[in-house]
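Engineer: Listed below are the residues making up each chain.
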Amino acid sequence: MAEVVFIGLSLASVLLLVALGLAITYGAMGVINMAHGEMVMLGAYTTVLTRIYLHLDILAAIPLAFIATALIGYAIERVVVRRLYGRLLDTLLATWGVAILIQQAVRLELGASFFGLHIAGLGPGLQNVAVPPELTGALTLGSVQVNAFRAFIIGVTLLLTLVTWLLMYRTSIGIQVRAIMRNPRMAAACGIDVDRVNALTFAYGSGLAGVAGVMVSGFKTVFPDMGTPMVVDAFLVVVVGGVGSLLGSVFSAGLLGQLNGVTAFLANDIIARAVVFAFVIAVIMTRPRGLFSQKAR
Amino acid sequence: MLTLDVVDAFYGRSHALHGVSLGIPEGAITAILGRNGVGKTTLLKTLMGLMERVTGTIRLAGRDITRAPAYRRARAGIAYVPQGREIIPDFTIRENILMGAFARPGRRVIPDLVPELFPYLMQNLDRPGGVLSGGQQQQLAIARALAADPKVLLLDEPTEGIQPSIVEEIEAIIIRLNSEAKLTVVLVEQNVAFARRAGHHFAMMEKGRAVAAGAMAELTDALVHRHMAV
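One line per chain: the protein sequences are A and W, in this order. Residue 131 in my numbering sits at position 76 of the first sequence, with consecutive numbering throughout. Residue 190 in my numbering sits at position 187 of the second sequence, with consecutive numbering throughout.
Extracted from the complex, chain A is given alone in its bound form (with noise of 0.2 angstroms):
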């Protein structure tokens, strides 16, 4: 059982690393950002990318993908989100449309293959990571044995999270995206330039997003749709905990990402699905602002 939890909490790890992203941005600026997943993807893709020509694997991996999401994500928020503010629905739609751009740029290998070109590790095929060798086995932790791999996700979801609080709460720009996230305009009356906030706030979340690619690519299959059910599984986690909550995004996927690993052991993955979804919803019934929403008061 030990190890069904700890599998849990490994899958539980990168709902949140995709989910803090989610959870700031929407908060914040309350855009609904559809092509968060395919940041996953997108970090997935650096990893294989970064193997195949830098020769160098996922550790290395870890920072490129951070900043290439980041500063896809910057892009994004500069060109599409940016014109969008206050109008929720069609920031659902034009970043589903942004979504839809990015997954075809990685199928058609970013135009290539019309010229009869291929660009090794892209394409519409499926792509793998080797993990190395160090992070490979089993840990013994006290009398249980634990995979090394998803230990190391545990890690760097931990020491990603603990900074994304450090960077909320004991910085400047922390206390400027936590005033946007409840008064804009009196945060603006005060002088924060909440454009400016607003796209470093993107880019964040986005190359945390990246980041959780690497880490879903050390143990699934890498292909351009992946993100998809990744943006979909973050919403939930951001819903469950609140909007706006760093807490509660944390609590929630810890909770959904147990529910889901532990179901799945008792029964199978898509019982697994079923149960999550029906707690979803149970918890949008009785709590419709989320378990730990600050502005539930």
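Rather than coming from a laboratory, the hints here were simulated on the basis of the structure. Ideal Cβ positions, reconstructed from N, Cα and C, are used throughout, including at glycine. Be aware that a few hints might be false.
[Claimed, not checked] Quick look at which bits of chain W chain A covers, simulated, 3 or more residues with Cβ under 8 angstroms:
(1) 106 to 118
(2) 177 to 190
(3) 197 to 211
[To be verified] Cβ-Cβ distance ranges computed for the label pairs, FRET-style:
(4) W:G22 with A:L147: 34 to 42 angstroms
(5) W:L128 with A:L181: 55 to 63 angstroms
(6) W:D129 with A:P343: 27 to 35 angstroms
(7) W:G59 with A:L221: 39 to 47 angstroms
(8) A:D280 with W:M125: 52 to 60 angstroms
(9) A:G166 with W:R70: 34 to 42 angstroms
(10) W:L128 with A:L156: 48 to 56 angstroms
(11) A:L214 with W:P167: 49 to 57 angstroms
(12) W:E119 with A:L214: 25 to 33 angstroms
[Said to hold, decoys possible] In silico contact screen, one side only, chain A against chain W (beta carbon under 8 angstroms); selected entries:
(13) R137
(14) L139
(15) R240
(16) A243
(17) C245
(18) I247
For chain A, the structure is supplied; the task is to place chain W on it using the hints.
Structural biologist: Here is chain W on its own, set in the frame of chain A:
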């Protein structure tokens, strides 16, 4: 200090200000008067840059700021104390005050005026803003505006909904901020007695237009009766 030249402002499709031309003299208190819903709050939002669409020209010390976003106006020296205070309940009193300081360069510090004017806030810096009474929250909102080290202070009904004992205190503070700290004050007020006591100039609004303006001595009872009697 601040001049408006044929300014129109809109909320979506509804036309809220109609051709308002007005001068706010430097170093004085200008009271904006009128009944509810005539555009007084809209006027302050227009000055702060919080309206969706504005036409005409707004100048701050001669500089055209009509197209400047709110945060640039804040950094140029306009501070806003909105109706309803809009402090952040789950931020500490310190964080609420320091929010204002994003508008000024350098390290964010609580200005010297704040402990002098609001000793209660200074003794409770680490408590959340939400536990304060209405009057204390009003003081907090003023302290936040002062943290920006502003030149112009926009106050929207600062004594509305506050227990009478604190109203006088807040009135005295507003007068001091103008006379001692030399702030230019734009004061939206329903209380004509206070406006007359504190203000040097006035502007009377009706249906989104400035219908009269001038020195406070020119604010006759007939004018008040015509535009403010319910």
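Engineer: Each hint needs a verdict: does it hold in this structure or not?
Structural biologist: Now for the hints, and whether the structure bears them out:
no. : hint                                   : verdict
1   : 106 to 118                             : holds (count 3)
2   : 177 to 190                             : violated (count 0)
3   : 197 to 211                             : violated (count 0)
4   : W:G22 with A:L147: 34 to 42 angstroms  : holds, 40 angstroms
5   : W:L128 with A:L181: 55 to 63 angstroms : holds, 57 angstroms
6   : W:D129 with A:P343: 27 to 35 angstroms : holds, 32 angstroms
7   : W:G59 with A:L221: 39 to 47 angstroms  : holds, 46 angstroms
8   : A:D280 with W:M125: 52 to 60 angstroms : holds, 58 angstroms
9   : A:G166 with W:R70: 34 to 42 angstroms  : holds, 39 angstroms
10  : W:L128 with A:L156: 48 to 56 angstroms : holds, 49 angstroms
11  : A:L214 with W:P167: 49 to 57 angstroms : holds, 55 angstroms
12  : W:E119 with A:L214: 25 to 33 angstroms : violated, 45 angstroms
13  : R137                                   : violated, 13 angstroms
14  : L139                                   : violated, 15 angstroms
15  : R240                                   : holds, 6 angstroms
16  : A243                                   : holds, 4 angstroms
17  : C245                                   : holds, 5 angstroms
18  : I247                                   : holds, 5 angstroms
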